[in-house]
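S.K.: Which chain is which? The protein sequence lines are X and W, in order.
For the first sequence, our numbering assigns the number 392 to the initial residue and increments by one for each residue that follows.
For the second sequence, our numbering assigns the number 30 to the initial residue and increments by one for each residue that follows.
For the record, the hints were derived by calculation from the structure and aren't laboratory data.
Note that the structure is a prediction, hence the values are computed from the model and not measured.
Watch out, some of these pointers could steer you wrong.
[What the hints assert, rightly or not] With a cut-off of at most 25 Å between alpha-carbon atoms, the simulated DMTMM-like pairs for lysine to aspartate or glutamate come out as follows: (1) Lys-628/X x Glu-71/W; (2) Lys-61/W x Glu-634/X; (3) Lys-628/X x Asp-406/X; (4) Lys-628/X x Glu-514/X; (5) Lys-61/W x Asp-406/X; (6) Lys-403/X x Asp-32/W; (7) Lys-403/X x Asp-543/X; (8) Lys-628/X x Asp-32/W; (9) Lys-628/X x Asp-543/X; (10) Lys-628/X x Asp-516/X; (11) Lys-61/W x Asp-436/X; (12) Lys-403/X x Glu-514/X; (13) Lys-61/W x Glu-71/W; (14) Lys-403/X x Asp-516/X; (15) Lys-403/X x Glu-71/W; (16) Lys-403/X x Asp-70/W; (17) Lys-61/W x Asp-547/X; (18) Lys-628/X x Glu-73/W; (19) Lys-61/W x Glu-73/W; (20) Lys-628/X x Glu-397/X; (21) Lys-61/W x Asp-437/X; (22) Lys-61/W x Glu-537/X.
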Amino acid sequence: MASLWEYANPRKFMDTSAWLLPWATGIAALCLVTGLVWGFFFTPDDFRQGSTVKIIFIHVPAAIMAINAWLMMLVASLIWVIRRHHVSALAAKAAAPVGMVFTMIALFTGAVWGQPMWGTWWEWDPRLTSFLILFLFYLGYMALWEAIDNPDSAADLTSVLCLVGSVFAVISRYALLFWNQGLHQGTTVSNAGVGVEEGVAPTFLYPLMISLTGFAFLFLALVLYRTRTEIRARRLKALIAQERMG
Amino acid sequence: MPDLGSYATEVLSAYAGTLILLAAIVVASVWKARQVRARLDEAETRRGRV
Numbered sequence: 392m393a394s395l396w397e398y399a400n401p402r403k404f405m406d407t408s409a410w411l412l413p414w415a416t417g418i419a420a421l422c423l424v425t426g427l428v429w430g431f432f433f434t435p436d437d438f439r440q441g442s443t444v445k446i447i448f449i450h451v452p453a454a455i456m457a458i459n460a461w462l463m464m465l466v467a468s469l470i471w472v473i474r475r476h477h478v479s480a481l482a483a484k485a486a487a488p489v490g491m492v493f494t495m496i497a498l499f500t501g502a503v504w505g506q507p508m509w510g511t512w513w514e515w516d517p518r519l520t521s522f523l524i525l526f527l528f529y530l531g532y533m534a535l536w537e538a539i540d541n542p543d544s545a546a547d548l549t550s551v552l553c554l555v556g557s558v559f560a561v562i563s564r565y566a567l568l569f570w571n572q573g574l575h576q577g578t579t580v581s582n583a584g585v586g587v588e589e590g591v592a593p594t595f596l597y598p599l600m601i602s603l604t605g606f607a608f609l610f611l612a613l614v615l616y617r618t619r620t621e622i623r624a625r626r627l628k629a630l631i632a633q634e635r636m637g
Numbered sequence: 030m031p032d033l034g035s036y037a038t039e040v041l042s043a044y045a046g047t048l049i050l051l052a053a054i055v056v057a058s059v060w061k062a063r064q065v066r067a068r069l070d071e072a073e074t075r076r077g078r079v
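My request is simple: use the sequences and hints to build the entire structure.
M.R.: Structure, rendered in structure tokens:
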């Protein structure tokens, strides 16, 4: 069996991602269409939340993937810091805009859902605030990559920022356990089917799981695709530098 | 189209906003990939000529 570290070789990564990418894209498209069409058209209204419950099929997967994207960036950054594999640093860089978009979706759909349910678009509640800070960390991380010319220095500094931001990624997920206050409800997805009152009913859970799978594969496909672009951009930079040196 | 009742604006705007943001990241990724690939092809062609 091939060692995981073989994928640190850009050529090996390009070869493997070339055949993985169509599969990831296909599964993402299939699951997103199935999950969202099922959720939007074929689920009933909730007895308390009415039709706004349909927002769950985009809000929850986007929020989960916003946190997971940062954790993936953390793992890739640690691999860069410890083993100096360039592909891992480029994968972290490639993942940031995707994670940022998922965070924006979670914040936007949360506000749109919160207004009719809580009577406000925004509340400085632990989970909402930690998500906003996570979003700002995404922006800072992307800005730092662009601000530094030397790619190795940029990878070093963004890795440190990623490590610090991970605190907020973890807080975003467990805010309600740390501070039992605020408007945002507790975990419902993992309580489903265990008889807990707040758990998601199976009617909503199945399309939600399919939508979540779609978001996860969309993330995978976009990160693979964008990492391939970053590898090509790095090679382009090297070729231009060679030309200048004559 | 399901009957969304009095929350139609909220539900539809949540879905529309999400689809716009997802489309934006996909289009931006494809646009950047094509641009980088074209410039890399040019640079490799120049290198081949030398």
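S.K.: Compare the structure with each hint and give your call.
M.R.: Hints versus structure:
1. Lys-628/X x Glu-71/W: holds (12 Å)
2. Lys-61/W x Glu-634/X: holds (23 Å)
3. Lys-628/X x Asp-406/X: Holds, at about 21 Å.
4. Lys-628/X x Glu-514/X: Distance ~45 Å between Lys-628/X and Glu-514/X Cα, so the pair is violated.
5. Lys-61/W x Asp-406/X: Measuring from Cα to Cα gives roughly 20 Å; hence the hint holds.
6. Lys-403/X x Asp-32/W: violated (51 Å)
7. Lys-403/X x Asp-543/X: Roughly 21 Å separates the two Cα atoms, so the pair holds.
8. Lys-628/X x Asp-32/W: Since the Cα atoms of Lys-628/X and Asp-32/W sit roughly 54 Å apart, the hinted pair is violated (cutoff 25 Å).
9. Lys-628/X x Asp-543/X: holds (13 Å)
10. Lys-628/X x Asp-516/X: violated (45 Å)
11. Lys-61/W x Asp-436/X: violated (41 Å)
12. Lys-403/X x Glu-514/X: Roughly 47 Å between the alpha carbons, so the hint for Lys-403/X and Glu-514/X is violated.
13. Lys-61/W x Glu-71/W: holds (16 Å)
14. Lys-403/X x Asp-516/X: Roughly 45 Å between the alpha carbons, so the hint for Lys-403/X and Asp-516/X is violated.
15. Lys-403/X x Glu-71/W: Holds, because 23 Å separates the two Cα atoms, which is no more than 25 Å.
16. Lys-403/X x Asp-70/W: Holds, at about 20 Å.
17. Lys-61/W x Asp-547/X: holds (24 Å)
18. Lys-628/X x Glu-73/W: Satisfied, since the Cα-Cα distance of roughly 12 Å is no more than 25 Å.
19. Lys-61/W x Glu-73/W: Measuring from Cα to Cα gives roughly 18 Å; hence the hint holds.
20. Lys-628/X x Glu-397/X: Answer holds: Lys-628/X to Glu-397/X is near 23 Å, not above 25 Å.
21. Lys-61/W x Asp-437/X: Distance ~42 Å between Lys-61/W and Asp-437/X Cα, so the pair is violated.
22. Lys-61/W x Glu-537/X: holds (15 Å)
In terms of the numbered hints stated before, the structure departs from hints 4, 6, 8, 10, 11, 12, 14, 21, listed from lowest to highest.
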